[in-house]
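Number of protein chains: 2
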Amino acid sequence: MTRIFKHDILPLIKERWSPRAYSEEKISKDDLYAILEAASYAPSCFNEQPWRFILADDEKTLTKMRSILYSGNLQWAQKAPVLLLIAAKKTFSLNNEENFWHMFDTGTAWGFLSLEAQKRGIITHAMGGFSMSKARKLFKISDDYEIVTVVAIGRYGDISQLSDDLKQREHPDTRKDISELLLNKGE
Amino acid sequence: MTRIFKHDILPLIKERWSPRAYSEEKISKDDLYAILEAASYAPSCFNEQPWRFILADDEKTLTKMRSILYSGNLQWAQKAPVLLLIAAKKTFSLNNEENFWHMFDTGTAWGFLSLEAQKRGIITHAMGGFSMSKARKLFKISDDYEIVTVVAIGRYGDISQLSDDLKQREHPDTRKDISELLLNKGE
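For the record, the sequence lines run as chains C and V. Number 36 in the working numbering belongs to position 36 of the first sequence; there are no gaps in the numbering. Number 109 in the working numbering belongs to position 109 of the second sequence; there are no gaps in the numbering.
Since the hints were made in silico from the structure, they are not lab data. Remember, predicted model here, so these are calculated numbers, not experimental data. We put the CB at the ideal spot given by N, CA and C, even for glycine.
If you anchor each label on the Cβ, the simulated ranges turn out as follows:
| # | chain 1 | residue 1 | chain 2 | residue 2 | range |
| --- | --- | --- | --- | --- | --- |
| 1 | V | Leu138 | C | Asp165 | 43 to 49 Å |
| 2 | C | Glu24 | V | Phe5 | 26 to 32 Å |
| 3 | C | Pro11 | V | Asp164 | 37 to 43 Å |
| 4 | C | Asp177 | V | Asp158 | 34 to 40 Å |
| 5 | C | Ser131 | V | Phe46 | 14 to 20 Å |
| 6 | C | Asp177 | V | Asp144 | 15 to 21 Å |
| 7 | V | Lys6 | C | Pro11 | 21 to 27 Å |
| 8 | V | Lys60 | C | Lys167 | 47 to 53 Å |
| 9 | C | Pro11 | V | Phe5 | 18 to 24 Å |
| 10 | C | Gln168 | V | Lys60 | 45 to 51 Å |
| 11 | V | Arg3 | C | Arg3 | 30 to 36 Å |
| 12 | C | Arg3 | V | Asp177 | 33 to 39 Å |
| 13 | C | Lys60 | V | Asp158 | 51 to 57 Å |
Between the sequences and the hints, there should be enough to build the whole structure, so can you do that?
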């Protein structure tokens, strides 16, 4: 299950994965705002920058953010010193029309965020297992925004803290071969 | 209109933007497959890897791909030696259920792709201005895939080839301040 790379790609991309063994060590404001700034330089349609964030790095907001996580994620993500909710503005500010690319562009920002974190020795793990309706209510997020993911942010901790099941999964995942990603050219 | 960075973020992120003055110089297969491999290492929900590509780097496929672009994009993107269509698989292979994150995760892959290209001195510009219905028909793309964007890929050329209007726009765009990206915490 080792990742085997065919090309000389960015070390940060090679090394990034989504661990679960978080340390409780705090993350500095400088690190946090740097990774948000990196995210903000993603390209987007009409430079709309549809990405939005709710940053939970204080105990009060963390408690709220933890309360929206499903138990499978909570068991490991509760240790993370930072939880970041990512949302995506559904319409263009320019004309209020639907932005078809709001999720796509927000994904690009998350990609930049994850690599800036990796550069700083900070691990990230995006979760889909949480209650979007509870998030919307608790954080009073208007319907103009799609709620996308909650990202655990922190430093690597001790794998022994994980359940046996999660220990088994605590490794970088492999990927499909590029040949499986290429659609045919319609011939 | 100069980008001003508050934090020490990845130079590749700082330097990346979406130019239009492409050179016709060819891009090597090694470079192309490296940037696709970088894209493939994006994280995704259940490691689904919903991103799919149609790579146009031969004259026949380029002609087809150019034919789906709207004229505003075609005027500059026709010079690009590579056009890459990015699509997103809508369902999980695991259970055929709808993948809420298919666009988001595909955006992450595009982000990784753009930075690997940047590292190699290759410029990228994602376009929304093209006919998705024509693309679906010409390339026989099934409804299982959302057609997302066409990316121009190449090396920087000569700005003098651009129309006066596009010359004016040929610079990196600035970004919102982070404070504008933070939703309130629902208090």
